[in-house]
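S.K.: Now for the letters of each chain:
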Amino acid sequence: MVENGDDLARIAESLREPVRIDPALDARVMAEIEALPRQPSRLDSRGHWLFRRRTFRLSPMGVLAMAAGLAALVLVAGRVGANRAEPPGAATGPPVEDQAAAGGPGQTTQFVFVAPDARSVSIVGDFNDWSFSATPLEQQPGDGLWWVTLSLPPGRYRYAFVVDGTRWRKDPNSPAAEDEFGRPNSVVTIGGP
Amino acid sequence: MKDESDAVLVRRVLAGERQAFARLVERYRDPLGRYAVRMLGNAADAEDVLQDTFVRAYRSLTRCRPDDFGRWLFAILVNRCRTHAAQRGRRNGILRANQHVVDAAFVSASDERDALREAIALALERLPAEQREAFLLKHVEELSYQEMHELTGTGIAALRMRVFRAREELRRLLAETIRG
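Residue numbers (the numbering used here), protein chains in the order written: chain A, 120 to 312; chain B, 15 to 194.
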């Protein structure tokens with residue numbers, strides 16, 4: 120039954136058969152959502168507050184000049200007082216300083232990505248469970264630069280950017296690495312030699 | 015009311031009507047569930063990942079283009095399936111159904127159609143995850159290579175190769191099973 124030219128079609132046809140998921144899933148999802156403290160827009164606003172820039176100010180150069188000046192697209196600078204990437208639940212979590220105290224000192228790391236036409240950009244990586252939603256970047260108005268400042272404990276992290284929630288982009292100016300799926304990512308080492 | 019578009023429902027949720035999100039969950043539960051079950055190989059893991067996907071989508075809904083909700087949601091699901099599969103792989107080692115499991119399932123199936131369905135599912139699970147993902151996106155979700163590239167970040171040539179290898183491996187595994 121899989122030895123002729125139709126085998127691929129039969130395999131695909133079988134796998135396209137509908138799957139019925141237990142409808143009780145809907146109630147579990149909604150219960151979790153109802154337990155959230157805020158509406159999405161307000162959660163989002165709080166997320167933006169968490170990731171609002173504090174440590175850095177970009178100079179008013181043009182996009183190219185800024186991109187060149189930020190050639191590494193990942194700058195490791197200083198420590199303390201920065202924000203930390205957390206899973207979504209962290210939007211209601213303790214202040215950053217408390218998290219750093221609990222998890223050890225982090226180093227402030229700025230991630231920058233140029234995407235003039237993007238509606239949203241987020242960063243996914245080992246530090247946020249590869250979540251599309253945990254760590255949005257902020258846009259520098261008018262110049263196509265997106266950025267976020269994170270406080271990361273020393274270590275080696277794989278990461279990538281996700282544009283408009285669907286397009287996966289590695290950081291073109293950092294060393295490349297693949298994940299388990301061979302997906303192109305980038306690597307940053309914090310506190311390394 | 016059943017015909018309300020995704021965009022209308024998304025806007026209602028964003029306006030504060032949480033229950034409108036339940037309509038989206040109901041609408042996408044089974045279509046997304048198909049991919050999750052095929053990718054992860056069992057309903058329990060698939061349901062966990064689906065729940066995680068919907069909740070994450072709700073939390074970041076303001077970053078979704080309302081008229082692109084389905085594609086955006088699917089991208090979250092694909093990513094969550096990857097993360098789940100990678101975590102499971104690290105916990106359990108490489109996921110491979112061994113041959114006696116395949117044989118047992120084949121023998122226990124009650125008729126030829128069920129046997130084929132079960133053999134295909136088990137053969138699919140034996141593929142490397144990146145090949146399984148590429149095959150499902152191409153031949154089950156019926157995405158174009160360009161859409162797959164946008165979704166995964168993987169180059170089109172590499173995606174073509176993964177799909178090719180997946181097809182060859184599926185044929186080989188199924189032929190082995192059927193020859194018994």
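Certain hints may be false.
Computed footprint of chain A on chain B, listed as stretches where at least three residues anywhere in the stretch have a Cβ under 8 Å from a Cβ of chain A [to be verified]: (1) 39-45; (2) 153-167; (3) 179-189.
These are computed hints drawn from the structure, not numbers from a lab.
Just so you know, these numbers come straight off a predicted model, no measurement behind them.
Virtual Cβ for every residue (Gly too), placed ideally from N, Cα, C.
S.K.: Please write out, lowest number first, the hints stated earlier that are contradicted by the structure.
M.R.: The structure conflicts with no hint, since it agrees with every one listed earlier.
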